Structure formats: C-alpha cells, structure tokens
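Chemist: Sequence:
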Amino acid sequence: MSSTSFMAELNDQQHQAATTTAQNCLVLAGAGCGKTKTIVARAAYLISQGIPANQIQILTFTRRAASEIVTRVEQYLGTSAQGLRASTFHTFCMYLLRRNRQAFGLENFSIIDRDDQIMIFRLLRGKDNILPKAAELCDIYSFARNTQCKLSVAIEKVLPEAMEFKSEIAEVMKTYEQRKQERSFLDYDDILSIVAVNLQSSPTLVHWVSQFCRVFLVDEMQDTNPLQWALLSPFIGKSQLFCVGDDAQSIYGFRGADFENIHYFKDNVSNAVIYTLEKNYRSTQGILDLSNWLLDVSPIQYDKHLIAAKSQNSRPHFHIFSNEFEEANWIAQDLIIRKKQNNVHWNDHMVLVRSGYAARHIERALINMSVPYQFIGGTKLLESAHVKDLLSMLRVVSNTQDDIAWMRFLTLWDGIGDVGASKLAVNLIKCQTLEECCNHLEHHGRVPQHVLLILKQMSVLTDTVVACIELAFEALHEQLAAKYQKQDWSRREKDFKLVKQLAQKHAQISEFLEAYVLDPISTSEVEQSADHDIVTLITIHSAKGTERKVCYVPHLTVNQYPHARAQGDFDAVEEERRVLYVALTRAQNELVLTKQDLTTWAMDQIDDQGRPVSSYFFNQVPSHLLDVTIHKRDEFFENKKKPIKKISFGIDLD
DNA sequence: TTGCGATCCATTTTT
DNA sequence: TGGATCGCAA
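Its first residue numbered 1, the first sequence is counted upward by one per residue in this note's numbering.
Honestly, the hints are just simulated from the structure, not real lab data. Be aware that one or more of the hints could be misleading.
[To be verified] Calculated pairs, SDA-like style, for lysine to any residue (alpha carbon to alpha carbon, straight line, at most 25 Å):
no. : residue 1 : residue 2
1   : 500       : 519
2   : 174       : 189
3   : 310       : 275
4   : 500       : 115
5   : 388       : 565
6   : 494       : 565
7   : 380       : 507
8   : 483       : 70
9   : 180       : 433
10  : 150       : 565
11  : 423       : 483
12  : 505       : 70
13  : 483       : 115
14  : 380       : 275
15  : 388       : 503
16  : 174       : 206
[Said to hold, decoys possible] Label pairs and their computed distance ranges (CB to CB):
no. : residue 1 : residue 2 : range
17  : 48        : 237       : 21 to 27 Å
18  : 311       : 369       : 30 to 36 Å
19  : 299       : 489       : 24 to 30 Å
20  : 105       : 488       : 43 to 49 Å
21  : 175       : 22        : 26 to 32 Å
22  : 52        : 233       : 23 to 29 Å
23  : 122       : 48        : 21 to 27 Å
24  : 21        : 488       : 54 to 60 Å
25  : 5         : 182       : 53 to 59 Å
26  : 21        : 80        : 19 to 25 Å
27  : 79        : 21        : 22 to 28 Å
28  : 78        : 267       : 37 to 43 Å
29  : 624       : 51        : 47 to 53 Å
30  : 337       : 78        : 35 to 41 Å
Since the structure is predicted, the reported quantities are computational estimates derived from the model, not experimental observations. Virtual Cβ for every residue (Gly too), placed ideally from N, Cα, C.
Work the whole structure out from these sequences, hints included.
Modeler: Now the structure itself:
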C-alpha cells in the first residue's frame, strides 16, 4: 500500500492529528479509535514532508506494542519507512547508551533483570524475617525510582504494613545501590534513570540526541510514569512530541504511572495542541455498550462513550459454569466448534487472562483438546530457571565481576550451597581473568574439572555465541538433568535448542545477553513463527493495542475483577476496572465472557462496620447488555450438545 | 553447611 | 498445582 492511499483511509479527526503542524500535541483516543493507525500515519506524513525516517523515534511501553507498531509500519509504509525506530523506553535508552557510553559516564556494565535484583536483595536482607521479602523490597525500590518519590511514600503505596521497618529498609536500599555501583550493574530503572539524569544536566547531550530524534511519537502516553516523563521533557522545544493515549486504559499504576498524568500534559507542555479521536472502528456497538457501562458506573468521570462505526451488532455472551475446569474446557471446545463450523482461522481468536497463573487452566484445556495456541505474557524463555542456569556460564565469561551469575553457577554443584557460593564469589570477583577464577575453583575442588576446562574454552570463544552455548550445555546438561528431573526435564531440554536458535543472530556474548535481558521472549513466540495460524492466549497487560475478531475473557468472578488484592483500595479497584475495560475493548465482532461460579451475582463484601470493602464489577450489570447462559454441571458430562436454557441476568435498570 | 523431605502456602500486571 | 519455606540429619 502506498503511503498516500494509506492517508486517504483516515477519518477527519485522525487526518487532522496526523498532519498537524503543532510542535507538540496530545491525541486523546478511546480504545479502538485508531491510535496506532494515527501514529503510523503521522510517521508516514512526516516522511512525506521530508523528515528522514531514521530521525523519527516511536516509543512504546511494552515490547509487544513496539513490535505491533513495527508490523503496521511495514504493512502500510513498506520500504519508505526504512530506518524508522520503534522501541520501548528501555530499548531506546540502551540504544543511546550503546551509541555513546562516555557521554553517560559509563564504562562497562551488565544489565540485571528482576530475578537478579531479587537475588541481591535476598543476600542483603539475610534470613531474619522482620523485613519484607526480597521481591517486595524490589517492588518498593522500583516504585520509588519510577515515581521519583521518597522511600516512605513508596512503602506507603506498595506495602503499607512495612512502614514500621522504614529505617531498616532504607539501610538495605542503600547497600543495594552500593552493591550495584561496585559491580557495574544496571537494573531496569537505572537504564532510564542514567539517561534522564544526563539529559537534564547536559544541553549538549540533548542536542546530540535531538539530531537523530527530531520527532518522538509516544504511544500509550497514559502509562508514562514520572521517570519516563523526565526522559521526554528535556526535548520540549528541541524535538517534536506527538503523544497518544487514553486515560481509561491506564493499567500500569504498579509501575508508577498515574492515570491522570495525561491530563497534565497541557500544563507541562506550554504550546501543546490536543486532538480527540472518538469514533470506534474496532468493535460492535454491543461490545462497546458493555464497555461504556463499565466506565459509566465508576465513581471516576472518564467521560468516555465509544460509538461504533460498524453497523452490525451483537451482544456479548456470558457463560457461567460450575467450576473452572468446565469453564476452560468449554472455551477450548467452543474454539474447535467455531473453527469447524464457520471455517474461520485460529488467528481470529484471543483468550485474555489476568495473570500467567490464570492462563494455566486455559492452557491445559487447549493442550488436551489440541488447539494450537501461543501464550504471550507468561514465563519467558530466557527467564526460566534452567536457561538462566546455562546463561550464568556465559555471564561469568562475559564479566568475571558478575557475582550473581557466579552464585547461580556455583550452587549447581554438589557440596556448594548458598553460603559456600557467596564466599567463593567474593574471592572470584577479585580475580582479574577467567583463567585465575578457574584456578581458584580448581583449588577449591567442588566444581568438576571438565566443567572448568569448558569454562576456559568459552573464554576464547566470546564472539561465537552459539559455540559457547553448546559448550555450556555440554558442561551442565548432566547436572541440570538431575536438578530438574522431577520438573519435566525433557521439555526444558528442548528450550536450549531455542536458545541456540536465538543466539545465531548475535555475534558477541555480551551483546546477546544484553539483548535478551530487555527482551526475554515467551517460549511459544520462538517456537511458533508469527504467521502461524494459532489462537492467542495473552495477559491483558500484554494485549493493549491488539485486537481479534473473537475474544474470550474468562474468570470473571468475584475476587478476580477486581482482584482480591485490590480490595479496599479505591485507586487499585479503579485500575482493575480499567484492566477489565482494556480486555473488553479488544474484541471486534464477538465478546465471550465466562466465569466459574453458578451464582449469578455475589454480595459485595462487607467489613466489620457493614461497609462494602469490595465489589464485583458485574454485580449490577443491566440484563440487556449481555446474553447469559448457565451451564449446569451434569449437562456437560451427559451430553455436550444438549440445548442450554437461557435466563435473564441481574437487575434490569431500564 | 548442605541437602533432602515435609509441610505449608497463596497465586497480578512489565521493563 | 507447584513454589517457597522450614526442620532435621549427615
């Protein structure tokens, strides 16, 4: 498609935004109103106006959104958009850091992921049980970094009950930062922070960046947190800012995003022009009616009322089962029936879940019934324990100072536990070369000879990543097989093939490691090539920006929407509402909701004083918005095709 | 100190 | 369901 015919597809509002002459602007757009399309169109327009594609930087919040945009750009603009960059904030910052390490005061560094962070916190925290768990400390720390707030504020927000240990927590945080400094570790937040801090203090640096980033196109603006804003704000007046967002889809509060941020845009950017996109091209009116209703009953005024451009209509279906097993099986079966009867593609179907945990039930059913699927948002290939074990060898080869990797590697061997490993690691990071490290370990005697030999071999092969992975596998496979024998080793073993496959694209170990800390890739994404016709199982957070003809939203029970953990916290419950809103608005033609509880509605939970502390979003859903089907337990077992009776649901508010 | 077995436990979301 | 944690023996 040529870019001119692509521009012709836009409606007036989209066209106006895409061709604006404003230096800075904010596009407020509801779900399905063509946000991504407008961003792509903006890029096309700027290119047609003579701005080189490689001076346009698209920023997104998640990797998935970034790759979605890349696909759309390729689809619509083809080669004319070559050189256009679309990346997450993190990848963008890494790009800057790599291009000019000195400017950011960096020599060597290793990027550590959340697991590594947790490991450090675990070491620092010790075994005494008073302090919050390592993972919780990690969350508090990260929240404080992302919102640029005081520790006490972060504790209050993330884990209020930990307030009494504030001074101890502060001590741990201080040591954590020292430790990172000593080892040249950068955590996720450091990547953004280093860039932001340097940009703010150096106009030269801002100027340098703005030369190849004349335009920033920012997607999902509502999810930007103060740290990310600090990254963008130095460019006000230097580069163009074109930001797109929807406050009703703000679901990253836990990462420090405030859904009202977007409303402050005008205050922060003096000459900003605001555009609004209101027409929804994605869904049927029935789907939008339910979505609109969900926002309407919120105490927060979202002031959103999506209107469908589509004329065809269909009400969402709500299927109720007696247990989650039947719920999951029914979904798998329904997928099969649709595929057979309607001759549709698996591709047109998506199952949206709240968490990786929730996906398991569905996954099992899909596997049992042989429905081909990919799961996006679960445990990532390069985050799985066995792969990290293997990568720990590459890490120490790449950086002998990486004590976290040393510990992971050392604890694999018999006779070395936590304590022994950390003592050894202290000595190992004093060594200058890997050779020295190996000698030290040889002397110690617990790590097998042949493994040390392989380690030495790897050190001369740092620019042959695949060979290193093969060597590492040779060194570890026996030990790993024993370690994971009870946790389906045979399946895990296959993952190493995928790792090798990924490694082929990379020349240097360090580069390979760096790339995959930021993009650990879900296992099924590697296995299944993108054009495969398969069902997508996805977490709602990963699903922003995607759409399918038929969407299933299971687990619509009490304590799931809103989630039990959010109960009693007004902001958290409202964020849950937006999460559900995002899920509902993914569907183009059909929306199928399910839950596993035969009671048609539930009581609001009541506290000691009889005040409601939580509610279930679907408690008062007007009956005309949904078609409800109740599946009795025995029906499923007796005869799957037996007609099911329809009843009305909830209170009719008409 | 390690490593195993037993018991308990709760189970968001992403870079 | 499996993951984290605890207690105990070697």
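Chemist: Each of the hints needs a verdict: does it hold here or not?
Modeler: We went through each hint and held it up to the structure:
Proposed proximity of residue 500 and residue 519 is supported: the alpha carbons are some 15 Å apart, at most 25 Å. Using a Cα cut-off of 25 Å, the hinted pair residue 174 and residue 189 holds, with the two alpha carbons roughly 15 Å apart. Restraint check for residue 310 and residue 275: satisfied, since their Cα atoms lie roughly 23 Å apart, inside the 25 Å limit. Restraint check for residue 500 and residue 115: the C-alpha separation of about 22 Å stays at or below 25 Å, so the hint holds.
A threshold of 25 Å between alpha carbons decides the hint, and for residue 388 with residue 565 the separation of about 30 Å lies outside it, so the pair is violated. A C-alpha spacing of about 36 Å is found between residue 494 and residue 565, which places the hinted pair above 25 Å, so the restraint is violated. With a CA separation close to 22 Å, the supplied pair residue 380 and residue 507 stays within the 25 Å bound. A C-alpha spacing of about 40 Å is found between residue 483 and residue 70, which places the hinted pair above 25 Å, so the restraint is violated.
Taking the CA atoms of residue 180 and residue 433, the gap is near 21 Å; set against the 25 Å cutoff, the hint holds. At roughly 24 Å between alpha-carbon atoms, residue 150 and residue 565 fall within 25 Å of each other, so this suggested pair holds. Only pairs whose Cα atoms come within 25 Å are accepted, and residue 423 paired with residue 483 is accepted, the gap being roughly 22 Å. With a C-alpha separation of about 19 Å, the suggested pairing of residue 505 with residue 70 holds against the 25 Å cut-off.
Of the supplied pair hints, the one linking residue 483 and residue 115 holds, its CA atoms being roughly 19 Å apart against a limit of 25 Å. Between residue 380 and residue 275 the alpha-carbon distance is near 38 Å, which puts this suggested pair outside the 25 Å criterion. Between residue 388 and residue 503 the alpha-carbon distance is near 14 Å, which keeps this suggested pair within the 25 Å criterion. For the hint linking residue 174 to residue 206, the alpha-carbon distance of about 30 Å lies beyond 25 Å, and the restraint is violated.
The beta-carbon spacing between residue 48 and residue 237, approximately 24 Å, falls within the hinted interval of 21 to 27 Å. Here the CB-CB span from residue 311 to residue 369 is close to 35 Å, well matched to the stated 30 to 36 Å. Taken as a hint, the range 24 to 30 Å is violated for the pair residue 299 and residue 489, whose Cβ atoms sit roughly 51 Å apart. The given range of 43 to 49 Å is respected by residue 105 and residue 488, whose C-beta atoms sit roughly 46 Å from each other.
Restraint check, residue 175 to residue 22: a C-beta distance of roughly 48 Å breaks the suggested window 26 to 32 Å. Under the hint 23 to 29 Å, the C-beta atoms of residue 52 and residue 233, about 24 Å apart, fit the expected range. The beta-carbon spacing between residue 122 and residue 48, approximately 54 Å, falls outside the hinted interval of 21 to 27 Å. In this structure, residue 21 and residue 488 meet the distance hint of 54 to 60 Å, their C-beta atoms being roughly 59 Å apart.
Separation of residue 5 from residue 182 is about 57 Å and conforms to the stated range, judged on CB atoms against 53 to 59 Å. Taking the beta carbon of each, residue 21 and residue 80 are about 21 Å apart, inside 19 to 25 Å as hinted. The beta-carbon spacing between residue 79 and residue 21, approximately 27 Å, falls within the hinted interval of 22 to 28 Å. Look at residue 78 against residue 267: about 39 Å separates their beta carbons, and that is inside 37 to 43 Å.
In this structure the supplied range 47 to 53 Å holds for residue 624 paired with residue 51, their Cβ-Cβ distance being about 50 Å. Between residue 337 and residue 78 the beta carbons are some 38 Å apart, a value that agrees with the proposed interval 35 to 41 Å.
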